[in-house]
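Q: Sequence:
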Amino acid sequence: MRVAKSLGVHVNGSRLGLEPFETETRRRLWWHLTALDATAPENHGFNSTSVDNDHTLFLPNNIDDVDMSLETLQTPIGKGQWTEMSFSILNMDLCRRLRHTVTATTKDDNDTKSNLIDKVERIIRQKWLDSGDLMLPTCRAADALLKISILKAHFIFTLQAWLSNTPNTESKYSQIHKSTLTTAMKLLEDGYLLQSGKLFPDFAWFFQQQPQLYALFLVLRTLGAFPDHAEADSPWLAVDNYFTCLTELEEANELKGRTSCFWAVLGPLYEKVKKSHFQSRGVEPEGVNMGKTGIQINVDPSLPLSTAEPNDSMPLRTQLALEQSAFELPWHGKTSRTCSVWIQGFCNSMKQTILLNNGPFCRQ
54 MRVAKSLGVH VNGSRLGLEP FETETRRRLW WHLTALDATA PENHGFNSTS
104 VDNDHTLFLP NNIDDVDMSL ETLQTPIGKG QWTEMSFSIL NMDLCRRLRH
154 TVTATTKDDN DTKSNLIDKV ERIIRQKWLD SGDLMLPTCR AADALLKISI
204 LKAHFIFTLQ AWLSNTPNTE SKYSQIHKST LTTAMKLLED GYLLQSGKLF
254 PDFAWFFQQQ PQLYALFLVL RTLGAFPDHA EADSPWLAVD NYFTCLTELE
304 EANELKGRTS CFWAVLGPLY EKVKKSHFQS RGVEPEGVNM GKTGIQINVD
354 PSLPLSTAEP NDSMPLRTQL ALEQSAFELP WHGKTSRTCS VWIQGFCNSM
404 KQTILLNNGP FCRQ
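Add 53 to the 1-based position in the sequence shown for this note's numbering, that's all there is to it.
What the hints contain is simulated information worked out from the structure, not anything from laboratory work.
Below, in silico cross-link-like pairs of lysine-lysine (BS3-like), each with a Cα-Cα straight-line distance of 27 Å or less:
| no. | residue 1 | residue 2 |
| --- | --- | --- |
| 1 | K239 | K172 |
| 2 | K251 | K239 |
| 3 | K180 | K132 |
| 4 | K180 | K200 |
| 5 | K200 | K239 |
| 6 | K200 | K231 |
| 7 | K200 | K132 |
This one's a predicted model, so the numbers in the text were calculated from it and none came from an experiment.
Sequences are here, hints too, so could you generate the full structure?
A: Given below as structure tokens:
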């Protein structure tokens, strides 16, 4: 993003005297970058770098590729129907509106937040989906994108309220509202169907860029606090399916188990909580296996899930949202410097993203 901005990609090409084709290409490039940047905190542990308080670059035009060429002398007018660009523009517009919704409200204004999120859904649906044909796979995939994005926005706001009003101790998971956990499970279930390609095979690559790691972390931490909960089997089904999906994705990209920073962070937590779950039911497994990766981590059952005490002198809003001590589990093998940076970044992004009203859509 910084490189693109230093090159002036975010500046309207018409102001620079560029031809319509290059102007439109720059718009598409910039907005694709900002959409990808929105996933940086959750996907890579980096803070979002896009801040658009002042720049006024328009979204790309809603046109088909055949409507423009290098010889085009005048930019075509956007169409009022579904085009080859509609899915991408819907995603860009949705990210932009949800970011603005997240940053425009205060943490205590929960009703307003919820209403604004619902308003974004209505606007996007009316502006883009109402002109589409839901018989087309592209339109159905766009509808699924809208639904899971809105669900995630509600989840983040609920999580903000819970984190802001709950003491930062291990027992805080006993105070989590059932609806919050249910929403997290729903995100994992829907994320699994979309990322695995079971619903829209041609769009699996797109949804794989939008992980549900915050929901996964919360469900795992709650299961770790209550391994013998009577309703624990249902969350585990969602967790196991989602981990299977992530495992298959990493295998397809030749990121196998220990070489992936993702597993270094959440893998040991998954193993620890899974083992506690078995033991609470009187089952003593020889080892908990990470799906198809073949990785088996022997975890010390005496090690608590969280050992660090919160700093009472530190304001709650400046503490880590989902405490870093949750990651302090035995890792086998040497953790690379990249992994360490990723872990620290992931924890920092939890603080910035959830407690400071920067949601999964981050600042822009």
